[in-house]
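4 protein chains.
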Amino acid sequence: MSPQEVLSGLDGFTIEVPSWAYGNSGTRFKVFSTPGTPRDPFEKIADAARVHALTGLAPRVSLHIPWDRVEDYGALAAHAEEHGVRIGAINSNLFQDDDYKFGSLTHTDPKVRAKAVEHHLECVDIMAKTGSTDLKLWLPDGTNYAGQASLRARQDRLADSLTQIYAALEPHHRLLVEYKFFEPYFYAMDIPDWGTALLHCQALGDRAQVVLDTGHHAPGTNIEFIVMQLLRAGRLGAFDFNSRYYADDDLIVGSADPFQLFRIMAEIASVGGHLPESGVNFMLDQCHNIEDKIAGQIRSVLNVEQALAKALLVDTDALTSAEEAGDVIGAHDVLMDAFHTDVRGALADRREARGLPRDPMAAYRASGYAAEIAAGRIGGTQAAWT
Amino acid sequence: MSPQEVLSGLDGFTIEVPSWAYGNSGTRFKVFSTPGTPRDPFEKIADAARVHALTGLAPRVSLHIPWDRVEDYGALAAHAEEHGVRIGAINSNLFQDDDYKFGSLTHTDPKVRAKAVEHHLECVDIMAKTGSTDLKLWLPDGTNYAGQASLRARQDRLADSLTQIYAALEPHHRLLVEYKFFEPYFYAMDIPDWGTALLHCQALGDRAQVVLDTGHHAPGTNIEFIVMQLLRAGRLGAFDFNSRYYADDDLIVGSADPFQLFRIMAEIASVGGHLPESGVNFMLDQCHNIEDKIAGQIRSVLNVEQALAKALLVDTDALTSAEEAGDVIGAHDVLMDAFHTDVRGALADRREARGLPRDPMAAYRASGYAAEIAAGRIGGTQAAWT
Amino acid sequence: MSPQEVLSGLDGFTIEVPSWAYGNSGTRFKVFSTPGTPRDPFEKIADAARVHALTGLAPRVSLHIPWDRVEDYGALAAHAEEHGVRIGAINSNLFQDDDYKFGSLTHTDPKVRAKAVEHHLECVDIMAKTGSTDLKLWLPDGTNYAGQASLRARQDRLADSLTQIYAALEPHHRLLVEYKFFEPYFYAMDIPDWGTALLHCQALGDRAQVVLDTGHHAPGTNIEFIVMQLLRAGRLGAFDFNSRYYADDDLIVGSADPFQLFRIMAEIASVGGHLPESGVNFMLDQCHNIEDKIAGQIRSVLNVEQALAKALLVDTDALTSAEEAGDVIGAHDVLMDAFHTDVRGALADRREARGLPRDPMAAYRASGYAAEIAAGRIGGTQAAWT
Amino acid sequence: MSPQEVLSGLDGFTIEVPSWAYGNSGTRFKVFSTPGTPRDPFEKIADAARVHALTGLAPRVSLHIPWDRVEDYGALAAHAEEHGVRIGAINSNLFQDDDYKFGSLTHTDPKVRAKAVEHHLECVDIMAKTGSTDLKLWLPDGTNYAGQASLRARQDRLADSLTQIYAALEPHHRLLVEYKFFEPYFYAMDIPDWGTALLHCQALGDRAQVVLDTGHHAPGTNIEFIVMQLLRAGRLGAFDFNSRYYADDDLIVGSADPFQLFRIMAEIASVGGHLPESGVNFMLDQCHNIEDKIAGQIRSVLNVEQALAKALLVDTDALTSAEEAGDVIGAHDVLMDAFHTDVRGALADRREARGLPRDPMAAYRASGYAAEIAAGRIGGTQAAWT
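Chains as they are written, first to last, in the UniProt record's numbering: chain E, 1 to 386; chain V, 1 to 386; chain Z, 1 to 386; chain C, 1 to 386.
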C-alpha cells in the first residue's frame with residue numbers, strides 16, 4: 001500500500017475534546033489564570049470548535065456537569081452545531097460536594113448515595129437534550145487511612161448505586177466506568193484498577209464499558225496490554241488520553257512518552273479499534289496548567305493522529321513472520337520502523353487535501369484568535385477545572 | 001472476648017511451605033551455597049517437617065515439578081506423613097526448558113504448547129499419587145520487546161492451553177492461576193495482573209482460582225484491596241506470601257512491611273477467610289538467599305500467625321461505628337490499636353498449651369538440627385531454587 | 001537498662017508543628033471546610049498550643065509566609081509564649097504568585113528572581129522579630145514539558161539566588177533547603193533529590209542544611225539510608241514528617257508504614273540525632289483533608305514519639321554482634337523485637353509522671369475544645385493550606 | 001546549518017561495548033544458551049570488533065575481571081588491535097565470590113575487605129597491560145533485611161576501601177563509581193543513588209567520577225536531570241546504557257523509551273558532552289537474554305547514534321527564545337521537531353560516505369557471520385554473563 005492508502009485508515013477517526021480543558025486548571029498549590037479563558041459553556045464550545053476547525057479531528061465536546069450546567073441544553077447543542085461540533089459524553093461529578101467527603105455512591109448514608117444517583121439522572125436527562133449517548137462516570141471515592149472504612153461494604157454499596165444508574169439509561173446509551181490508581185484519596189480508591197471496573201461492568205450489562213485514562217495506573221504498568229485485554233473482553237468503551245511522568249500529571253498526550261502512545265495506537269489499530277464502528281471513544285482529559293489551552297488541545301489531537309498514522313504503517317505480516325521465526329530483534333525493528341518514520345509531511349498533505357491548514361499550530365497562532373478572546377473575554381468569572 | 005478466646009480464631013489456621021525454600025536460591029548474579037542444604041525432595045520434606053514440629057502451623061509442603069521429581073511419589077507422600085506433614089499444592093514449571101524461550105502455553109508453535117500442557121498432565125498424575133488437590137500454575141511467559149509478539153494472539157493461545165489443563169483435573173482438584181507484574185520478561189508478562197488471571201479463571205470454571213503473590217504487583221499497589229475483591233468475586237484460591245521493597249524480592253514475609261501483612265490478614269479475617277472452610281490456601285513463596293533457610297521459614301510462619309492474631313483483635317463493631325460517624329482518626333485508631341498490641345506473649349502461651357515450644361526460633365537454634373544436617377549432608381548436589 | 005531508663009532518652013526530644021496543619025487543606029479536586037477552623041495565625045497558634053499542652057512534645061510552631069503575615073510579629077510571638085509555645089521555622093512561599101508560573105528563584109527574568117529573593121529577606125526579618133533561627137525553603141520550581149527550559153541554566157540561576165538569600169542570614173540562622181521528587185511540576189523539579197539539595201548546601205556554607213520530607217521520594221526509596229547519609233555528611237537539618245502510599249500524600253506520619261517510621265527513628269537514635277544538641281529539627285508537614293485537624297496533629301506527634309521510643313529499645317550491642325556473626329535473621333530479629341514491643345503503656349506512665357494526660361487523644365476528645373472552637377469561630381474566612 | 005553539517009557533530013563520537021554482552025545471560029530463572037556464543041575473551045573481542053566494523057561506532061571493548069582473565073593481556077590487547085578495536089574500561093567483580101555474601105568493600109571482616117581491594121590492584125595491573133585508563137567499580141554490596149547491618153558503618157568501611165583503591169591508580173587513570181537502586185540486595189544497596197556515589201568521589205579526588213547506568217534508578221526518575229547535574233558538578237565519568245520498563249531490565253538501549261534516550265543525549269549535546277574531550281565514556285551494559293547478541297549490540301549502538309543525531313538537530317536558539325517568552329508549547333515543539341525527524345536516511349548516507357554499510361543490521365544478517373560462529377564454536381564452555 002502507498003502511504004496515502006495507509007493513511008486513509010485515518011478516515012472517520014475522531015477525538016473528543018473535554019470542555020474543561022479550556023478553563024483554568026492547576027495543582028493543589030496554585031491555579032494560574034489566563035487571558036481569554038472562557039466564562040461559560042458556550043465560550044468553551046467555541047474554543048473547542050476552533051480546534052476542530054483547524055484539525056478536522058475533534059468534532060465532539062464532552063460536557064461536565066455541574067460545571068457546564070446551562071438553562072437551555074437545546075440551545076447549547078444548537079450552539080455547538082452552529083460551530084461545527086456536537087456534544088459528546090456527559091461527565092458526572094462526584095467530588096465537589098461537601099456531602100461526598102467520605103464517599104458518594106459508596107457512602108454509608110443512603111441519603112448521600114441517593115443524591116449521587118440522582119445527579120446521574122440529571123445527566124441522563126442532559127443526554128436526551130443534547131443528543132449525547134455516553135454517560136461517563138469517574139468515581140473519586142476512596143479512603144485515606146487503613147481502617148477508615150470497610151473496603152468490601154463500599155463495593156457492595158457501589159454495585160447497588162451503579163445498578164440504579166444503569167437502569168436509568170436509555171437503550172442506546174452507554175455507561176462508561178473509569179478507574180484510577182490514586183487521588184483524590186491516598187489509601188484506597190474504590191475503583192482503583194481495570195479489574196474492578198470490569199467486574200462492575202460485567203455485573204451491570206453489555207452497555208457498561210470501561211474507560212482507560214492513560215494517567216491512572218501504577219508506575220511501570222503496560223497500558224497497551226490492558227487495551228488489548230479490554231478489547232478482547234469487549235469492554236473498552238473509551239480513552240481519557242493524557243501524559244504522565246509520575247502520577248496523574250494530566251499533561252499533553254504524547255508529550256512524555258510518544259513511543260507508549262504509539263504502542264497503544266498500534267494495539268488499537270491491530271484490531272480495527274480506531275474505526276468508528278468499534279465504539280471506542282477516543283477522548284482527551286488533560287490540564288493545561290501553564291501552557292496555552294487551545295494550542296495545547298491542538299497539539300494533543302495532532303499527537304494522537306500522528307501516533308495512529310505511524311501505527312497504521314506497521315507491517316503486520318512482517319511482524320507475524322518475525323514472531324513465528326523467533327526473530328526478536330527483527331520483529332521489534334518492524335515496529336520501530338513505523339515509529340521512526342516521519343509522517344508529519346504526509347499528514348500535512350492529507351490535511352491540505354481536505355481543505356485544512358497544513359500546520360494547524362501555525363494556523364492557530366496566525367489566526368489572532370488568542371488575542372481576540374483575550375480582549376473580548378473581560379469580566380465575568382473564568383471557568384476553572386475545579 | 002478475652003484474648004484467649006480471640007486467639008482461638010487461630011485454631012485450624014495453617015500455612016503451606018514450599019519445598020524449594022529449603023534449597024539454595026539467589027539472584028541472577030550469584031547463588032550462595034549453604035551447609036546442610038537438602039539434596040533431594042526427601043530431605044526438603046524433612047526440613048519442612050521440622051518447621052511444623054516447632055510451630056504447629058505448617059502441616060503441608062508444596063512440591064515443584066520437575067525439581068521434586070522422584071521415582072515413587074507414594075513413598076514421598078508416606079515419608080511426609082511419617083514426618084507429620086503432607087503434600088500440598090503441585091507447582092508446575094514453565095520456565096526452565098530451552099523450548100520455552102519465547103513462551104510455553106502461549107508459544108506460536110503448537111508442539112511447544114502441547115509439551116507445556118503435557119507437563120501439567122504429569123502434575124495431575126502426581127496429585128493423584130500424593131493426595132494433592134491444588135495444581136498451581138505460574139505462567140512465566142512474556143516478551144522483552146514491543147513488537148516481539150502479538151499480545152492478543154498469546155492470550156488466545158493461553159486460553160486454549162488452560163482449557164486443556166483444566167479439563168484434565170479431577171472433580172476435587174483446583175487450578176490455581178498466579179499473576180506477576182514482571183520478570184522473567186520485561187516488556188509484557190502474559191498474566192501480569194489479577195484482572196487477567198480472573199478473566200481466564202472465569203472462562204475456565206468455578207474450580208479455577210487466582211493466586212495472589214504478595215511480591216507480584218506494581219509499586220504502591222494496595223494488595224488488601226485485591227484480596228477483598230477476589231474474595232468478593234469468590235476467586236481467591238491462595239496466597240504466595242513473601243516481602244518486597246522493590247520488585248519480586250522474595251524476602252521473609254512480614255519483614256519489609258509488617259503493617260501491610262496485618263492489613264491483608266485483617267481483610268481476610270473480616271470475612272472468615274482464615275478459616276479452613278474458606279478454601280484459601282496460605283502458602284509461602286520465598287528465597288532465603290543469604291539467611292538460614294529453616295530459620296527463615298520458621299520466622300515466616302510465625303510472622304503470618306502474628307499478623308493474623310493481631311487481625312483477630314480488631315474491634316470490628318468499633319470500626320463500623322467510627323466509619324458510620326465519619327470519625328476517620330477514630331476508625332484508624334481502632335485498627336492501629338490491634339496492630340500495636342504485642343501478641344507475642346499470648347502466642348507463646350498458646351503454643352505452650354498445645355505442647356509446642358514457647359519460642360520456636362530459640363528451640364530451633366537449641367535443637368542442633370542445623371549442625372546435624374550440615375554434618376550429615378555431605379556429598380551429592382545441593383538442591384537449588386532453579 | 002530498665003524501660004524507664006531507656007525512655008529517658010526521650011527527654012528533650014521535641015517536634016515542631018506547622019501552623020498550616022490547622023487550616024483547611026485538600027487536593028486539586030476539593031478542599032472541604034471544617035467547623036472551628038482558625039481564621040488567623042493567632043487562632044492557629046492557639047490550636048497548636050493545645051497539641052503541646054496535651055502531649056508535652058510540640059513546643060514550637062512553624063510559620064508560613066505570607067499565610068501567617070501579621071501586623072505585629074512581636075505580638076504573635078508573645079501570644080505563642082502565653083500559650084506555652086514559641087515560633088519555630090519560618091517557611092517561605094514561592095508557589096502562589098502569578099509571577100512564579102515559570103519559576104521563582106530560577107526564573108529567566110531577573111526581576112522575578114529578585115522578587116523571590118526579596119521575599120526571603122522579609123522572612124529573615126520575621127525571624128528576627130519572632131526569635132526563629134531556621135529559614136525553610138521549599139523550591140516548588142520546575143517544568144512540565146521536556147524542552148520547556150534549560151535544566152542547567154535554571155540550576156545556575158538558582159545557585160545565584162540562594163547565595164543572595166544565604167548572605168542575608170544572621171550568623172545564628174540556618175537555611176534549610178528541601179527537595180521534592182515531583183509536584184507541582186511534572187517533568188522536572190529544580191531540586192528533585194537530596195543530591196541536588198546537598199550540592200547547593202555545599203556551595204553555600206555550613207549553615208545550609210537539607211530538609212528531608214518523608215513524602216518527597218520516588219517509590220521504593222530507602223529513606224533511612226538518606227537519613228544516614230545526610231547525618232554522615234553533617235547536612236541533615238530537619239525533617240518534614242508525613243506518610244504516603246503513592247505520591248506526596250501528606251497523611252498522618254506513621255499511619256501508612258509505621259515500620260518505616262521506626263527504621264528512620266532507629267537510624268536517628270543510633271547516632272544520637274534525636275538529642276537537642278544534634279540540631280535536627282523534627283517537623284511535621286501534613287494535610288488533614290478529611291480528618292479532625294487537632295486530633296490529627298496529636299496522633300502525629302504521638303506516633304513519632306512511639307517510633308522513637310521503640311527505636312531507643314533496640315539492643316545495639318546484640319545488633320552489632322549478630323552482624324559480625326553474619327546472623328542475618330538474628331540481627332533482623334533484634335530490630336523487630338524493639339518494633340513489636342508495645343510501648344504505649346510505658347509512654348502513658350511517663351506522661352502521667354510529667355503531669356500530662358495518659359491518653360492525649362481521649363483527653364482532647366473529652367476537653368470540649370472542638371465544640372468550643374466550632375461554636376466560637378463563626379464568621380471570618382477559614383484559614384486554608386493554600 | 002545543513003543536516004550534513006549538523007551530523008558532523010557525530011565525528012569522534014564513540015560507544016564502548018562490553019565483552020559480556022556477547023556471552024549468554026539471563027534471569028535468576030533461566031539462562032538460555034545460544035549457538036555461536038564465544039568461549040573465551042578472544043572470541044568475545046572478535047564479536048565486538050564485528051560490531052565496530054559494521055557501524056564505525058564502537059572502537060573499544062570493556063573487559064570484566066575475572067570473566068575475561070587471560071594468561072597474556074598483551075596478547076589480548078594485540079588481538080583487539082588486529083581486529084580494529086582496543087581495550088576500554090576494566091570492570092571489577094565483587095559479587096561472585098562466596099566471601100562476599102555479606103559484603104565486599106563494606107564487609108565487617110577486614111580480610112574480606114582486603115581481598116576485595118586486592119582484586120582492584122589486579123585490575124589496575126591489567127589496565128597497565130592493556131592500555132586501559134578507566135577502572136569501573138560497581139559495588140553490589142547491600143543488605144536484605146532492616147537491622148542486618150549498620151548502614152553507616154558500611155559507608156565508613158567503604159570509604160576506607162575506596163581510598164586504598166584510588167591510591168593504587170596511576171595519574172592517568174580514572175576510578176568510575178557506579179550506583180544502583182536495588183539488586184542483588186533488596187533492603188539497602190550501599191551505593192544506591194548518585195548522591196552517594198558523588199559523596200565518595202568528592203572524598204577521593206578529581207579522578208573519581210560517577211557512572212550513570214540508565215537502568216539503576218527508581219521508577220519515574222528524571223535521568224537527564226541527573227546527567228545535567230553530574231556534568232555541572234564535573235563528575236559524569238561514564239554511562240552504562242540500556243533500557244528498562246521495570247527494574248534493571250538490561251534491554252537494548254532505546255528500545256523501551258526512545259524519547260528518554262533522546263532527552264539524555266540532548267542534555268549531553270547541549271554542553272558538548274558527546275565530544276571526545278569531554279571525557280564522558282559512553283558504554284553499553286546490556287543482557288541479550290533471548291535475542292541475537294551481536295545484532296543486539298549493533299542495534300544498540302545505532303540507537304545511541306540515532307538519538308545523538310536527533311539531539312544535534314535541536315534548534316537551541318529557538319529553544320532559548322521560547323523559554324524566555326514563556327512559550328511552553330513552542331519550546332517543547334522545538335525539541336519534538338528534532339525528535340520526530342527521521343534521521344535514518346542521513347545516517348545511512350553518512351555511513352556510506354565513510355565506507356561503511358548503509359544498513360549495518362542488514363549487512364550483518366547478510367554477512368553469514370552468525371552461521372559461521374555457530375558452526376565454528378563447537379565444544380568448550382559458552383561464556384556467560386555470570
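Because the hints were derived from the structure by calculation, they are not lab data. Just so you know, not all the hints are guaranteed correct.
The list cannot tell twin chains apart, which means a pair is met if one copy fits it or any two copies do.
[Said to hold, decoys possible] Taking lysine to aspartate or glutamate and the EDC-like style, the derived pairs with C-alpha atoms no more than 16 Å apart in a straight line are:
{"id": "1", "residue 1": "Lys101", "residue 2": "Asp327"}
{"id": "2", "residue 1": "Lys111", "residue 2": "Asp40"}
{"id": "3", "residue 1": "Lys115", "residue 2": "Asp160"}
Model, not experiment: these values are computed from the prediction.
How the hints compare with the structure:
1. Lys101 with Asp327: between (54 Å within a copy, 12 Å between copies)
2. Lys111 with Asp40: Intra 31 Å, inter 35 Å, cutoff 16 Å: neither.
3. Lys115 with Asp160: Intra 14 Å, inter 46 Å, cutoff 16 Å: intra-copy only.
Checked against the numbered hints above, the structure violates only hint 2.
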